[in-house]
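Colleague: Below are the chains, spelled out letter by letter.
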Amino acid sequence: MFNRTAIAPLEYTRKLWMRSWVGLTMLFLYAPLLVLMIFSFNDSRRNIEWKGFTLKYYEKALNNDSLVEAMVNSLTIAFLATIVSLVIGALAAVMLWRFRFPFKGLVEGTMSLPIIVPEICLGVAFLIFFAKIDWPTDLPWPLNLSAITIAHITFCFPFVAMVVRARLASFNMEEEEAAKDLGATDWQAFRDVLLPHIKPGLIAGALLAFTLSLDDFVITFFTSGPDTITFPVKVYSMVRFSVTPEVNAASTILILLTVILTFIALKLQGVKGIAQSH
Amino acid sequence: MTETKTPIIQIRNVSKRFGKVTAVDNITLDILAGEFFVLLGPSGCGKTTLLRMIAGFEMPTEGQIIIDGQDMSMVPPNKRPVNMVFQSYAVFPHMNVTDNVGYGLRIAGVAKGEIRDRVTEALELVKLGGFEDRMPDQMSGGQRQRVALARSLVMRPKVLLLDEPLSALDAKLRAQMQFELSDLQDKVGITFVTVTHDQDEALSMASRVAVINKGEVAQLAPPSDLYEYPANRFVADFVGSVNIFEGRLTLDEPDKAAVDCPGLGKVYLNHGVTGPHGADVWVALRPEKIYLHVPGEGKAVTAASQDAPDGHNFARGTIKGMSYLGDITLFEIQLEGGQIIRVSRPNLSRHDQEDFTWDDKVSMHWRADSPVVLLS
Chain Y
1 MFNRTAIAPL EYTRKLWMRS WVGLTMLFLY APLLVLMIFS FNDSRRNIEW KGFTLKYYEK
61 ALNNDSLVEA MVNSLTIAFL ATIVSLVIGA LAAVMLWRFR FPFKGLVEGT MSLPIIVPEI
121 CLGVAFLIFF AKIDWPTDLP WPLNLSAITI AHITFCFPFV AMVVRARLAS FNMEEEEAAK
181 DLGATDWQAF RDVLLPHIKP GLIAGALLAF TLSLDDFVIT FFTSGPDTIT FPVKVYSMVR
241 FSVTPEVNAA STILILLTVI LTFIALKLQG VKGIAQSH
Chain Z
279 MTETKTPIIQ IRNVSKRFGK VTAVDNITLD ILAGEFFVLL GPSGCGKTTL LRMIAGFEMP
339 TEGQIIIDGQ DMSMVPPNKR PVNMVFQSYA VFPHMNVTDN VGYGLRIAGV AKGEIRDRVT
399 EALELVKLGG FEDRMPDQMS GGQRQRVALA RSLVMRPKVL LLDEPLSALD AKLRAQMQFE
459 LSDLQDKVGI TFVTVTHDQD EALSMASRVA VINKGEVAQL APPSDLYEYP ANRFVADFVG
519 SVNIFEGRLT LDEPDKAAVD CPGLGKVYLN HGVTGPHGAD VWVALRPEKI YLHVPGEGKA
579 VTAASQDAPD GHNFARGTIK GMSYLGDITL FEIQLEGGQI IRVSRPNLSR HDQEDFTWDD
639 KVSMHWRADS PVVLLS
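Protein chains in written order, with the numbering used here: chain Y, 1 to 278; chain Z, 279 to 654.
For the record, the hints were derived by calculation from the structure and aren't laboratory data. Since this is a predicted model, take the numbers as computed values, not measurements. One or more hints might be untrue.
[To be verified] Listed next, the in silico DMTMM-like pairs over lysine to aspartate or glutamate satisfying Cα-Cα at most 25 Å (straight line):
#1 Z/K390 <-> Y/D186
#2 Y/K104 <-> Z/E336
#3 Y/K199 <-> Z/D411
[As the list claims (entries may be wrong)] Here chain Z is said to cover these stretches of chain Y; the calculated rule only asks that three of the stretch's residues, wherever they fall, bring their Cβ under 8 Å from a Cβ of chain Z:
#4 164–178
#5 182–188
#6 191–198
Just so you know, even glycine gets a beta-carbon here, dropped at the ideal spot from N, CA and C.
Using the sequences plus the hints, can you model the full thing?
Modeller: Given below as C-alpha cells:
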C-alpha cells in the first residue's frame, strides 16, 4: 500500500528515521530564529507568553531614532569595509598566487592571523592602538566611523583573500598568456581573463565580509564611541534593561535584510559559481 | 606551398637557463617563410621553451631571436607578429565563440563591422560555421581547438605557433587534424611552427623537422631525410623504430663501404660514408627493410648476393617474439650472436601471418642501400 516499490539505497527521503533526523537538525538550526521572529509580532511588553498579533513594535523600532541611526551606521560600516576588503583581499590573493618572494610563507601565515586570533584580543588591541595614536573621535559623520571600519577591514579582508586564493588555484595560466599573445596588455589580460575567473570568489568573499562586519559585536564594542553605536552594540545595550519585542522587530528586519542580500547575490551569480569557489 | 627562401624567424645562438638547468643550449636555426616547421623531441628536451621564447613568454639567457628582420629581444608577447595555439587551447571559458575569436581584434581596436566579417571568415576556415553563439563548455576538445586556431588565424600573424596541438585528441581525430592542419597551412600560407613529441605527427605534417635533444638540435631535415638518413643514433632511434649494431668500418670508398658488426655480421653499403677507416661506427637498420626467409634453401644468401659481395648483408636467427598488428607482423629474432633484431613483415595476403611462428629458425637479408652508418 504505502511502500509500492523498494527503497533504493540513496532514497534517504523515503526513510522515516532519516526524515526525522533532518527535521530535528532543521529545528535545532532555526527554532530560535523562528521564535524571535514570531515574538516580534507579540502584543506584550514581555516576551514570555503570546498575547496577540501586532505590528506596533515594528513601528516603534522604526521610530526609535537611535536604533535607526545604529542601523545606518552598521550598514555604512559594512558597505565600506566590504569594498576595501574586496580590493585588498583580491590583490593579496593574486600576489600570493602569482609571485615568489622571500618570506612568502610567513606573509601568507600572518595574513590569516586575524581569522584565528580571538576577537576579544583583537578588540582590546584596537582599543589600545587607536588610543595610542590619538585617532580623532570627534569627526563628522561618516568619518567618525573610520576607526570601526578600519578594524572591520582588518578581520574581513583575510576571508576575501582566502576565498579568492582558492578560486585562483583553478585558473589556467595559459588563458592569460593567450590574451597577451592576442595583443592584450597586463591590465587588459587581468580585466578580461583573470577577473571574470575570480568573480564568483569575489562575490562570495564580499558576502562573507558584509555579514561578518554587519553582525560583529566584540571588536566593534571596543572601537565604538558614544556617537558611533552600531546595531549589535545598540541591541546589546537595549537588552541590558529588558528584552522587548522592539529588539525582536529590529532583529527580524536585519535577518530579512541579510537573507534578501544573499539571495540577490546568489541570483546574480548563479549558485553554481559560488559553490565552485569553495 | 608558397615557399620563398627567406627566413621569417632567425634563431641566433639562443640559450635558456633556469638556474643551473640548461633548457636550450646554443641553438641556431632559420625557419623559412611559408614552411610547416616542426620541433620534435622527447619531453623535457627544451622544444617548448624554444617555442615560448619565440612567442615572448620566456626571454633567452643568451642569443637573439629575429622575426621578420626585427630583433625581438625587447618586444613583449603582445607586440609580436606571432600568435600561439596553446596545448590546453586556453579558450576563454566565459566568452562565446564569436567573442573568443574576436578578442584580439577588439583589443587592437578594429571596427565592429570588420571584426564581424573576419570572425565569420576565420570560423569558416576552421569549419566552425554555425557555432558563433556556443560557449566553450558546450563544445568538444576538437571544437575548442578549432576555436583556438581561428582566434589566432583571425589576427593574420606572420607565424602561427602550435604547442603540442594534437596531444589531447583521440587517435582518429588526431589523424584527421593532421591532414586538416596541413591543408589549412596550405590555404592561409602562414608559417606554422609546431612543437610535438609524436614522430608520426612530425613526419606527416612537416616540411622540415628539427629534432631536439637535451637542448640542442640533433638534426634538421625534411621528414623523409630524417627517417632514411638519420644523422646520429639519437635521431635514428627517436624517429621510427630501428635496430642499431656496433661495428668497425673496414671499407670506405666513394661508391661502396663495409662495416664488420660482431653482433650482426658483415654489412655492405653501395655508397661511401666518408668516415675514418677502422673507426668504431654504428649501423642502423629499419625493421621493415629486412626480408625474412625459411632457412636452408639459400634464398637469403642468393638475394643478398645480388647487390653485395658474398658473405655480406644476411643473417640467421630464431624467432623469439611475434606480434600481429593487422597490417604488419612484428618479429623479434635472436641472432646467432645473441642480440635481438626487430623485423616487420607486411601481411600482403590473409595467410601471411601463418608463415612463421615462435622458435622457427629463419634467415634474413637486406639490400645494400638499406643500412645507415652512423658516426655518433
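Colleague: Now tell me if each hint is right for this structure.
Modeller: Against the structure, the hints:
1. Z/K390 <-> Y/D186: 23 Å, holds
2. Y/K104 <-> Z/E336: Distance of about 24 Å is within 25 Å: holds.
3. Y/K199 <-> Z/D411: Measuring from Cα to Cα gives roughly 22 Å; hence the hint holds.
4. 164–178: Contact hint for the stretch 164–178 of chain Y vs chain Z: holds, 5 residues under 8 Å.
5. 182–188: Check passed, 5 qualifying residues.
6. 191–198: holds (count 4)
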